[in-house]
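Chemist: Protein chains in written order, with my numbering: chain A, 90 to 390; chain B, 90 to 390.
Worth double-checking, as some hints may not be accurate.
In this list, chains with the same sequence are indistinguishable; a pair is considered to hold if it fits within one copy or across any two.
[Said to hold, decoys possible] Capping the alpha-carbon separation at 25 Å, the derived lysine-lysine pairs in BS3-like fashion look like this:
hint: 1; residue 1: Lys166; residue 2: Lys206
hint: 2; residue 1: Lys220; residue 2: Lys171
hint: 3; residue 1: Lys347; residue 2: Lys275
hint: 4; residue 1: Lys292; residue 2: Lys347
hint: 5; residue 1: Lys367; residue 2: Lys248
hint: 6; residue 1: Lys275; residue 2: Lys292
hint: 7; residue 1: Lys347; residue 2: Lys220
hint: 8; residue 1: Lys275; residue 2: Lys367
Hints listed in this document are in silico derivations from the structure and should not be mistaken for laboratory results.
Number of protein chains: 2
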Amino acid sequence: MSLLVTGSIGIDTVTTPYGVSENCLGGSAVYFSMAASFFSPVRFVGVIGSDCPFDLAEVFAGRDVDLTGLERRAHSKTFRWKGSYHDTMEQAITDNVELNVLAEQPPTVPSSYRDSKFVFLANTSPELQGKLLDQVDGPVFVAADTMNFYIHGYLTELKALLRRIDCLIINEDEARDLAGERNLIKAGDTILDMGPRVVVIKKGESGSFICGAGGERFMLPGFPAAEVVDPTGAGDSFAGGFMGYVAQCGRSDFASLKTAVVYGTVIASFTISEFSLKGLTSINRAAIDQRFETMRNLTQF
Amino acid sequence: MSLLVTGSIGIDTVTTPYGVSENCLGGSAVYFSMAASFFSPVRFVGVIGSDCPFDLAEVFAGRDVDLTGLERRAHSKTFRWKGSYHDTMEQAITDNVELNVLAEQPPTVPSSYRDSKFVFLANTSPELQGKLLDQVDGPVFVAADTMNFYIHGYLTELKALLRRIDCLIINEDEARDLAGERNLIKAGDTILDMGPRVVVIKKGESGSFICGAGGERFMLPGFPAAEVVDPTGAGDSFAGGFMGYVAQCGRSDFASLKTAVVYGTVIASFTISEFSLKGLTSINRAAIDQRFETMRNLTQF
Chain A
90 MSLLVTGSIG IDTVTTPYGV SENCLGGSAV YFSMAASFFS PVRFVGVIGS DCPFDLAEVF
150 AGRDVDLTGL ERRAHSKTFR WKGSYHDTME QAITDNVELN VLAEQPPTVP SSYRDSKFVF
210 LANTSPELQG KLLDQVDGPV FVAADTMNFY IHGYLTELKA LLRRIDCLII NEDEARDLAG
270 ERNLIKAGDT ILDMGPRVVV IKKGESGSFI CGAGGERFML PGFPAAEVVD PTGAGDSFAG
330 GFMGYVAQCG RSDFASLKTA VVYGTVIASF TISEFSLKGL TSINRAAIDQ RFETMRNLTQ
390 F
Chain B
90 MSLLVTGSIG IDTVTTPYGV SENCLGGSAV YFSMAASFFS PVRFVGVIGS DCPFDLAEVF
150 AGRDVDLTGL ERRAHSKTFR WKGSYHDTME QAITDNVELN VLAEQPPTVP SSYRDSKFVF
210 LANTSPELQG KLLDQVDGPV FVAADTMNFY IHGYLTELKA LLRRIDCLII NEDEARDLAG
270 ERNLIKAGDT ILDMGPRVVV IKKGESGSFI CGAGGERFML PGFPAAEVVD PTGAGDSFAG
330 GFMGYVAQCG RSDFASLKTA VVYGTVIASF TISEFSLKGL TSINRAAIDQ RFETMRNLTQ
390 F
């Protein structure tokens with residue numbers, strides 16, 4: 090079923106112990122869409138400037154990604170991010186950021202997207218996430234991401250958004266910050282009280298933990314990656330695999346969400362195995378399903 | 090089947106954010122035996138001094154723990170450990186340690202224990218672990234623990250021990266140190282090359298990872314504990330549940346070891362829920378099996 094994503098398109102320069110990837114394609118909507126496209130048609134909403142060297146139609150060629158919602162602004166510049174990872178590569182260090190087009194007026198959701206049933210609001214200001222959500226009529230499952238900046242600076246707006254969404258996908262440190270609670274189990278329950286019926290907490294290489302408003306809980310270890318080349322996009326790819334599977338099966342009961350978390354984990358493991366999008370563009374659904382089975386084998390007893 | 094443990098008996102004083110537990114019973118052999126006794130008869134080897142205020146026969150009353158190997162030295166003092174946990178409680182800070190009897194001659198394994206089939210060598214010098222192992226005839230599954238102190242200072246002796254045991258149970262940081270490899274998957278493989286056919290890597294609240302010489306791998310998240318009161322003894326309880334189950338079923342094939350890891354995880358979750366041994370002495374096998382099912386429910390998809 091129809092899956093809408095709103096998020097960023099970025100020109101990234103990323104340094105990791107494995108090398109440097111200069112001016113490569115990145116951004117939350119891009120990673121999300123690439124990951125989700127293995128499962129479901131995707132409707133893309135995002136903005137670039139005139140300087141963007143990437144032809145997204147070409148990037149997504151052969152995939153069911155609708156770019157009607159891609160806006161190119163003649164007098165604007167594309168969002169740029171320069172970051173690096175050191176040591177354990179668990180934390181990205183932002184070396185430079187140019188918001189450019191992201192600091193301007195947000196994009197408009199095309200009218201042809203209004204009937205989208207599944208929606209992912211990638212990380213941006215909660216107020217903007219709300220305005221984007223206003224442009225969709227009666228979605229059945231809405232997930233959003235956020236970050237510490239908004240938890241600390243825009244908590245009122247974030248709490249308003251949380252009352253409107255079904256699922257929050259968030260890092261463990263962000264979950265602790267948002268809940269004001271160090272213990273992740275309690276943090277998850279506290280966030281559920283804020284509105285969403287599902288909270289997905291990502292714990293990096295330690296996996297993920299999801300909890301539902303009916304008391305359901307599920308834990309999945311991270312995929313045991315022997316080589317992590319570039320963690321950029323792991324979270325958005327996870328969300329893409331997760332939401333892609335939910336949209337594909339058209340269900341958001343807890344059993345389906347568990348399977349969705351496994352797919353999200355598997356997809357992210359491909360993303361981090363290479364720089365930029367290479368880990369995702371070099372695979373097919375069969376490779377994903379094979380790793381899904383590996384994950385089952387690794388975790389089931 | 091018969092399970093032998095060699096390890097310490099301690100008088101612990103532990104401070105955590107939940108309070109202070111002064112002069113309470115601790116030590117690797119004690120935690121291990123209490124945990125293992127839910128699954129299998131245990132043969133206990135350890136030494137105390139004349140100052141030990143605890144009657145171990147009373148402590149283990151009603152449990153099948155053979156104390157023939159408990160030695161009380163009239164002119165010695167019992168091992169004492171004073172430690173504290175702060176913030177995330179992930180790391181114990183040793184505030185004071187008095188080796189006392191642990192710095193003297195090691196205990197002797199009673200002749201009635203020589204036919205033990207399952208053996209756990211708790212953390213001590215690898216040379217001593219080897220000497221204790223010398224006193225057992227033809228065990229079928231031997232597991233050992235070690236720590237950074239021996240990895241850095243007694244690597245030759247440790248490597249000699251690793252060639253004699255079946256299973257190393259180790260923390261993630263220790264595994265990285267021993268293997269000289271940051272990636273845990275690779276670290277596990279490197280340690281397998283040193284001799285054991287199974288490596289169990291404990292990742293604290295993130296769970297555990299085990300790998301076998303036949304390429305088998307299994308990952309289990311930590312039990313989602315809402316309240317951690319005192320992490321002391323978690324590792325030795327984990328080993329006790331793990332080895333207790335292995336001895337109970339008398340098998341050490343990888344499928345059995347996976348189940349054993351789940352039991353180890355479950356047992357440790359009870360240990361950390363209270364100070365000292367209270368979390369273990371207040372439960373029964375039914376409570377353990379119930380939490381085992383909870384763990385299954387939390388992780389299976």
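Chemist: Could you run down the list of hints and mark each one as holding or not?
Modeler: For each hint, the structure was consulted:
no.	hint	verdict
1	Lys166 <-> Lys206	neither (32 Å within a copy, 71 Å between copies)
2	Lys220 <-> Lys171	neither (28 Å within a copy, 56 Å between copies)
3	Lys347 <-> Lys275	within (20 Å within a copy, 28 Å between copies)
4	Lys292 <-> Lys347	both (16 Å within a copy, 23 Å between copies)
5	Lys367 <-> Lys248	neither (36 Å within a copy, 41 Å between copies)
6	Lys275 <-> Lys292	both (15 Å within a copy, 20 Å between copies)
7	Lys347 <-> Lys220	neither (29 Å within a copy, 49 Å between copies)
8	Lys275 <-> Lys367	between (37 Å within a copy, 23 Å between copies)
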